[in-house]
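**Student:** These protein sequence lines are chains A and W, in that order. Anchor point for the first sequence: position 31 equals 31 in the working numbering, and the numbering is continuous, going up by one each time. Anchor point for the second sequence: position 235 equals 235 in the working numbering, and the numbering is continuous, going up by one each time.
Bear in mind the hints are in silico, worked out from the structure with no lab data behind them. From the three backbone atoms N, C-alpha and C, an ideal C-beta is built for every residue, glycine too. You may find that some hints are simply not true.
[Said to hold, decoys possible] Covered, in the sense of this in silico footprint (three residues per stretch, anywhere, with C-beta under 8 angstroms from a C-beta of chain W), are these stretches of chain A:
#1 11-23
#2 33-40
#3 71-82
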Amino acid sequence: MTRQVRASAGNRPALAVALVLTLAAGGFAAWEGRSWYAAAHDDSAAYAAQRDRALAAGEQAVQNLNTLDHRRVDQGLDLWETSTTGELHKQLVDGRQEFTSQVKAAKTVTTARVLSGAVTELDDRAGRARLLVALRVTVTAPDSKSTEKDSRMLGELTRTDGQWKLSGLGQAPVGGTAAG
Amino acid sequence: MPTPRHHLNRQRRRQALADQPAAAKAHAPVGLLPEPDSRPGSGPDSRTGPRPGRRPAAKPVREATEVPAEEATDDRPAAPKAPKARRRGLAPLVVLCVLTLLLGGFAGWAHSRAGELRDDPARGNTALTDLARTSEIKGQTTAAVAALFSYDHADTGPFERAGRTLLTGKAVEQHRTLFAGVLAQAARQKTVITTTVTDSAVERIDGDRARVLVYADQSSVSTAGTRRTGGKQQSKAQDQGVYAGAMFALDVVRRDGRWLVENIDTFGR
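Chain A with its partners taken away, still in its complex shape:
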């Protein structure tokens, strides 16, 4: 006879506890949701991601442009052209014929390894960036003698269709004058 009374009376503290827990969970969810939203819409994070994309693309492009095998010149130069844009791209396309014959005559195999790289400037909106790439270039001559040379590359990147590509590349000048 008193079972129902007890049940419903026993329900009430349980309900109160459940309600408190629900509210606590709601508060927790709101807090975490806000923190997640903030993390997902962080401007500096987007900028950092852009910086890393530019650096990765730039290092790869610089490496590509310092890699060429005389036995596969066309593939190599195709890669050069897809890694570049703008003025640099134009130069490469224009000089392709001449360069192909030079490399085929010299019979060299050039490989490059990126030692280190860093972005110096990044204009996220304009889609332009500048970077330094420390490069170690190995040139193997037909007599299979190879020489190693370190290059201090300065690259300029331009974003085209969401892809970062090299629009300028040169070596850091030594002693105030440009060195080859």
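Put chain W on the given structure of chain A with help from the hints.
**Tutor:** Okay, now just chain W, sitting in the frame of chain A:
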């Protein structure tokens, strides 16, 4: 908590409604489904009629303790269905529990998503995103390189001071090794080395640690030893010096507001 109580009452009312037809049929075989409120007689009938043996006392006791005022106005009996009512009394509890689980689940998921985003290495590296710190590191590194890699045999004070104040950890030993050859002959050759940073870029900043890629020009002049090479060549070297481009990376660490060189990476050279 009025909500659950009303809920209970509503459920009781519905229960009473559901029981109504059976009782009504006994009195009015027409089969008319009446509105319980409109038939005053149906109330008492339904209270005792359908299930007389069912804990009749339970109802009054509960109403008395719970809602005496409503009891007075509510003429419908709401025949007590103990197990069902109790089960339904659990409904809000179940709803709250489910809600708690859902909200808690979402909170946990959002927490892990936010953590994932924050742990993104791109975000951990504040090079360029923290412009003030980036230029601070560039500036101090440029000054440190100039001081650490410049040497004047006539006044070795600045060089030694730089070595004492700008280096830490294994960089001390690395710096000593790099200059061992120069220092051995410096006094005799009257060497003057001047190092200038031409380009630098901060690769990574992680709190109090950073890595900087440095391009520097080094000019070295030996103002003594005409005998060494002799003739015009020597005088030419004296005038212009010997320029060399260097590239290396420095790991720097922040101590008391200053960035000290902790590691000199010459890329295996």
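**Student:** If a hint holds in the structure, say so; if it does not, say that too.
**Tutor:** Each hint, compared with the structure:
no.	hint	verdict
1	11-23	holds (count 9)
2	33-40	holds (count 6)
3	71-82	violated (count 0)
Hint 3 from the earlier list is the only one contradicted by this structure; the remaining hints agree with it.
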